[in-house]
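Guided by the hints, dock chains R, Y and A onto chain X, whose structure is given.
4 protein chains.
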Amino acid sequence: MAKSNFEYVRDFEHETRCLPNTWIVVRIDGKGFHRFADLHDFVKPNDTRGLTLMARAAADVMFEFTDVIISFGHSDEFSFVFRKNTAVFNRRAEKLSSLVTSLFSSSYVFHWNDHFPDTKLRYPPAFDSRIVLYPTDENMKDYLSWRQADVHVNNLYNLSFWSLVLKGGLKPCEAELKLRGTLASDKNELLFQEFGINYNQEPPMFRKGTTLLRKSVDFLGKGKRTIVMPYYCDIIKKDFWDTHPELLKQGKAGSVEFHEGMEFFEIKKCS
Amino acid sequence: MAKSNFEYVRDFEHETRCLPNTWIVVRIDGKGFHRFADLHDFVKPNDTRGLTLMARAAADVMFEFTDVIISFGHSDEFSFVFRKNTAVFNRRAEKLSSLVTSLFSSSYVFHWNDHFPDTKLRYPPAFDSRIVLYPTDENMKDYLSWRQADVHVNNLYNLSFWSLVLKGGLKPCEAELKLRGTLASDKNELLFQEFGINYNQEPPMFRKGTTLLRKSVDFLGKGKRTIVMPYYCDIIKKDFWDTHPELLKQGKAGSVEFHEGMEFFEIKKCS
Amino acid sequence: MAKSNFEYVRDFEHETRCLPNTWIVVRIDGKGFHRFADLHDFVKPNDTRGLTLMARAAADVMFEFTDVIISFGHSDEFSFVFRKNTAVFNRRAEKLSSLVTSLFSSSYVFHWNDHFPDTKLRYPPAFDSRIVLYPTDENMKDYLSWRQADVHVNNLYNLSFWSLVLKGGLKPCEAELKLRGTLASDKNELLFQEFGINYNQEPPMFRKGTTLLRKSVDFLGKGKRTIVMPYYCDIIKKDFWDTHPELLKQGKAGSVEFHEGMEFFEIKKCS
Amino acid sequence: MAKSNFEYVRDFEHETRCLPNTWIVVRIDGKGFHRFADLHDFVKPNDTRGLTLMARAAADVMFEFTDVIISFGHSDEFSFVFRKNTAVFNRRAEKLSSLVTSLFSSSYVFHWNDHFPDTKLRYPPAFDSRIVLYPTDENMKDYLSWRQADVHVNNLYNLSFWSLVLKGGLKPCEAELKLRGTLASDKNELLFQEFGINYNQEPPMFRKGTTLLRKSVDFLGKGKRTIVMPYYCDIIKKDFWDTHPELLKQGKAGSVEFHEGMEFFEIKKCS
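Chains as they are written, first to last, in the numbering used here: chain X, 410 to 680; chain R, 410 to 680; chain Y, 410 to 680; chain A, 410 to 680.
Isolated chain X, as found in the complex (with noise of 0.2 Å):
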């Protein structure tokens, strides 16, 4: 049982640090999920229990990492953006971008009966991940606007493809034929005449995506708390990033104020 004879191995292994002072993201991205929203009836195109389980699970992920300052998902996607002089675990890639992935997959699974409270979880889903490196503030805001610009894209024609498959009684390889080289222009257009749907009008959370931020809210006098918020607009344009100044200065969770019916996420507390 000679332990030491067998250590050399350890040699074998190999550790990769993120360049400093660079932006570190992390995405991950769902396996065969167009197999495991069909086998959990996700409603299409858009689920909203799906998506908001997304970003519970991403919450979590944020509470772990205080050195995510944002994170932005859509569809069974998220990225985590950690600040570009984070120091946590000495910046090692592999720890990072696995830890990031299993508290994400571990939290989807574990907060599923909240979200789907009539649909049982079938199987563990799983999640790839992959991390990138961004040096100017400029590359991490083009990254963001590359995924959201993504949603964009993707949710006009899927709302577009499934309006004419649920409604209009298309086969989806009709309904495929039938956008093929459409622009956006045409399929708003083929939205409002043939549907009356108003894109523009649809939930925010399916037009922009979610993008999760840290804040510090005080509950009606009781004291300042952490919370990771939700929100559903526009991180393209400059304005996004005016309003939150804490994200490009790396510094503290931006202050908001309380208000009735207001969307946030806790930590659940253990003890």
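Keep in mind that a hint or two might mislead.
No copy is singled out in the list; a pair is fine if it fits within one copy or between any two copies.
[Said to hold, decoys possible] Here are the simulated DSS-like pairs of lysine-lysine, each with C-alpha atoms no more than 25 Å apart in a straight line:
| hint | residue 1 | residue 2 |
| --- | --- | --- |
| 1 | Lys-529 | Lys-587 |
| 2 | Lys-440 | Lys-504 |
| 3 | Lys-580 | Lys-658 |
| 4 | Lys-647 | Lys-658 |
| 5 | Lys-633 | Lys-529 |
| 6 | Lys-661 | Lys-631 |
| 7 | Lys-624 | Lys-661 |
| 8 | Lys-453 | Lys-596 |
| 9 | Lys-633 | Lys-658 |
| 10 | Lys-440 | Lys-633 |
| 11 | Lys-596 | Lys-631 |
| 12 | Lys-587 | Lys-624 |
| 13 | Lys-631 | Lys-440 |
To be clear, the hints were calculated from the coordinates, so they are not data collected in a lab.
Leaving out everything else, chains R, Y and A in the frame of chain X:
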């Protein structure tokens, strides 16, 4: 919403493929499991429910990744060995590592109630992971031997420690002091003299960890099915590899005969 | 001779691209140059011939790699800074690093006789190299400042040491002992008191290292030519970067006016 | 001049160690050698002086790196194989790769006049390099076989091409057209029929490339010395590895007997 202006950010992504013709090991490890075990009243020093839940989650990984030919775990860690010529996900390191970790984590939560029917899961646990390459069969076997030798060392210590604390009435710091500098033989003697424990008669699962192998079994003439079987045996000695020759030959799952009371895992069917 | 049977070995090759939008620095460093300097009778503590030969080789690198906007060297090391948006060789790290090192090395030998006309080169010298990324202008400038601060510290020590040995008649170990724990001010004082040396009047090349910049010059109306010019100035202070604004703007080579006795390097034409 | 303010930039450096227990191959490759060969009047299609100079530079690398057990080259490329358990420079990839390339390059220039006494070197040549890992003996041997198979294919083509151009009077584009799509047998036939060349009687150095091995030789009783010997033989067949068993055993240099006219390289002594 000019998507193309942002797509350049994809160029910042980076992909690493595992060196061909080498064994790929993914090892996951629980984060903060001391606290997790305390909070969920895990039996000290070994909790059969917790260990079996780990094995259950590991079996799910083996059902998803059929190129994992052997996995080995103990305590809050588990190692998965992909056969050296696997081509799954083009051997992309991030894909393999993140999906194994994610599936393991969500499976752990998914199966929690089956293993801890009387204990509510208080929060979603997380596991980190690392990926390591081993060029030769010898190196890969030495890796597994290293992990099993570790089980022995840790388990003998923990059993001694908790016997002193729970049965001997020592405070943790006293127990620690008493064990400092003792040899394996000292601890064996202490267990036997003071607590009447014959270490070699402790459950093999505690002393040897859990080894999972993919096997083919004929269920009483109802046809062959692929199962994942747990073994609690020595995997350091040559004998183990002789008994399961398919492992190093990277061949098909070996056959086992069905018998009453046989312990095994099967995948949950989702149809 | 079936070629195709062997071509699979190409899959073992691995390519790393430098993160986009980051400064790329390649630093080369002489291997065993203490012995090399001794064997070729380099003047202590600074040999102008050796330093100029280093600069000559570095200039060749700058003529080959027009995306190197600044290089800085002293003693047996030289650093080359590629502009942050360079696309040369698709930013492949191995290509950039190896070609810079190789060209520098062969150029050093190629020009040896011009700089050491009376000293036969006894064996081919070697330089190692490393590649480092810096995400911001500030980081890149701090890198160069680090190297220049190093020149100062080393040169003051070396001048003191060799003065004590060559002029003061101390043995090397005595000189070392005498300098142990001294501050910069102590060494300045010692040089002045014992050897009449005013450190600040030492040649700038020795005190500040050699900075090479690409410049455009009009040779007395015979048309613009691109040259590489050596500077022996402070590159730590803001002033340097203000004087050469093209560096951070990643713009075209700045212009300089020709004057008699001007020191510069031009590429050897091969036609 | 506060040095410590800048030293943080060292954290941006990154070090990769080669996986243990794997063969390490460094392959260098001339940059722009078509032009270099033209400008220095290399004989077409093979210039013995150029090939021998390459071997001379490669031998210098083998004298410096005693863990390189075999090297193989042809045309303007050379591969160096470090034994799989080498610990030189802690297996740091950048160190190994850069020093091999640098030494090769400076040695090439250093020995130029010995091999091209009548041709002045016009400019310093450059070589790029890459580092590749091979986990098994089989993979490493296949790597070398791949390179030697390449020599055959290229040499047969080049000999045919230059025979057509230099002896047959064809223009380069005509020769290219004539050879397009031809098999090896076609080219053999063409060489024999049109130019009376029996390909198999061409010099082995041209057909098989140059293999360098480290050997121990007793110079007529004057004591053992370590030399580097060139071989121009088939290294694809098993026979080669049987004849030089020290290679795969990673043992000491094999012994050879001295004989008159024996071709070999010795290191230049510098004392």
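How the hints compare with the structure:
1. Lys-529 to Lys-587: neither (36 Å within a copy, 51 Å between copies)
2. Lys-440 to Lys-504: Both ways: Lys-440 and Lys-504 sit 21 Å apart in one copy and 10 Å across, limit 25 Å.
3. Lys-580 to Lys-658: Answer is neither; intra-copy 51 Å and inter-copy 48 Å both fail.
4. Lys-647 to Lys-658: both (15 Å within a copy, 24 Å between copies)
5. Lys-633 to Lys-529: This pair counts as neither: shortest intra-copy Cα distance 37 Å, inter-copy 30 Å.
6. Lys-661 to Lys-631: This pair counts as within: shortest intra-copy Cα distance 20 Å, inter-copy 61 Å.
7. Lys-624 to Lys-661: within (9 Å within a copy, 46 Å between copies)
8. Lys-453 to Lys-596: Answer is within: at 17 Å inside a copy they meet the 25 Å cutoff, but 62 Å across does not.
9. Lys-633 to Lys-658: within (21 Å within a copy, 45 Å between copies)
10. Lys-440 to Lys-633: Answer is neither; intra-copy 38 Å and inter-copy 29 Å both fail.
11. Lys-596 to Lys-631: Neither way: Lys-596 and Lys-631 sit 49 Å apart in one copy and 54 Å across, limit 25 Å.
12. Lys-587 to Lys-624: For Lys-587 and Lys-624, the Cα distance exceeds 25 Å both inside one copy (45 Å) and across copies (49 Å).
13. Lys-631 to Lys-440: neither (42 Å within a copy, 33 Å between copies)
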